[in-house]
Amino acid sequence: MDFKDYYQILGVARNAGAEDIRKAFRKQARKFHPDVSKEPDAEARMKEINEANAVLSDPEKRALYDQMGSGHQPGQPFQPAQGWDSNFEFSGADAADSSDFFASLFGRAGGARRSGAFRMRGEDHHAKVDIELQDAYQGASRTISLRRPRVDEHGQVVLDDHTLEVRIPKGVKEGQHIRLSGQGAPGEGGAPAGDLYLEIRFTPDARYRVDGRDVYETVPVTPWEAALGGPIEAPTPSGPVTLTVPAGSQTGRKLRLKSRGIPGDPAGDLYVVLEVVLPPADTDTARRLYETMARDLHFDPRRTAGA
Amino acid sequence: MTHDDILTGELLDDARLTLDELALACAIEPGWIIERVEAGYLCCMGVGQPQAWRFASAELVRARQLRAMERDFDANPELAALVVDLIEEVRGLRQQLSRMRR
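Which chain is which? The protein sequence lines are A and B, in order.
Going by the working numbering, the first residue of the first sequence is number 1, and it counts up by one from there.
Going by the working numbering, the first residue of the second sequence is number 1001, and it counts up by one from there.
Treat the hints as calculated values from the structure; they're not laboratory data.
Even for Gly, the Cβ is constructed at its ideal location relative to N, Cα and C.
Any given hint could be a false lead.
What the hints assert, rightly or not - Distance ranges between label pairs, derived from CB positions:
1) L1082/B x G239/A: 37 to 47 Å
2) Q1096/B x R295/A: 34 to 44 Å
3) V1090/B x M293/A: 37 to 47 Å
4) L1082/B x D20/A: 20 to 30 Å
5) L1086/B x Q134/A: 26 to 36 Å
6) S1098/B x G17/A: 36 to 46 Å
7) G264/A x I1006/B: 18 to 28 Å
8) L1086/B x A286/A: 41 to 51 Å
9) D1020/B x D130/A: 25 to 35 Å
10) T251/A x D1020/B: 48 to 58 Å
11) M1100/B x Q134/A: 17 to 27 Å
12) Q138/A x L1086/B: 30 to 40 Å
13) L1082/B x G230/A: 49 to 59 Å
14) L1097/B x R253/A: 16 to 26 Å
As the list claims (entries may be wrong) - Below, a sample of chain A positions facing chain B; criterion: calculated Cβ distance under 8 Å:
15) S141
16) L164
17) V166
18) G175
19) L180
20) Y197
21) P204
22) R209
Said to hold, decoys possible - Stretch by stretch, here's where chain A covers chain B in the computed footprint (C-beta under 8 Å, at least three residues):
23) 1006-1013
24) 1021-1033
When you get a sec, could you build the whole thing from the sequences and use the hints?
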């Protein structure tokens, strides 16, 4: 485990006052806020910044950190002495979000301090799970890796990697949560553990757009399929289907396949959006056919458009 | 490393979380949530006493974002709600944009 320089992370001097630290934290939090930042590692940086702020904005933790950290350089191997923090009590935690270094210094201490009423029950943890759209149709299972603090035989807090396999039920929607009772932080003094909330996210798939349980899918068709109509086979999240293109269709025409969206009560619908794709004029035959159309059809799409 | 059998969780449908559950999940007092529901920054289903309120999954994300804005930037609740509204708007627009770009 390497030593982390929280002062360097926030970009403040070691003797910075509380106001300077608050200002520096906000400046960094604005820069790396994962919802706004364009930096590729924004989420990881934000965690680090939160961690640094949690320590440096708390006079007790800061004093302990200064005491432990004197003489260490960032990146240097680091191991706190046994029993070094025995006189301090920390509360509040989001162990899933904190680094090994932080956990070893402050145990499960972390985020905001909490009022007495909540102190005993373990904290609820939050994680995101990415699934494919097809998983929402069929159900799936996902393996989730979490880190859990544990006090080892030397009295030191270590983080254990912990793997859970979770069933993703059929019919799940984007943004929905799955709650796993008792899989959050352990309780203290015999109190129950917190819960783990998993937020479902769909892996972006260029073929599909999802709105609640309704699914939109763009399906390419040839000009003659669109103009003359007829049955076509189209891939869908629940497997290929045959559907009838009405004669005289244009790009953008929506065909609704009832109850072929994400399953549920009620199930969503699948909307097939037609996209007419022109064959390239890269052979003599193709060029001749286009020339024939140009000569015989007298078709001018600009005559009506915008008139 | 430990490995458990496949866990079956509880799928939180729309209007599923109680006030106390939402408060616990956000690590915040129920009073904080009541204030923000009454101000219109959080949405709930159910009428009457706060104990009868039910919250959708999406409100859990929103409540945690509001809390983070207020905590990290000392934002007042109105400003936090405005920022979270804009974040949601931007997310929607980005999704639309990425669909149009493909």
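Inset, instruction - Output the numbers, in ascending order, of every earlier hint that fails for this structure. - result: none
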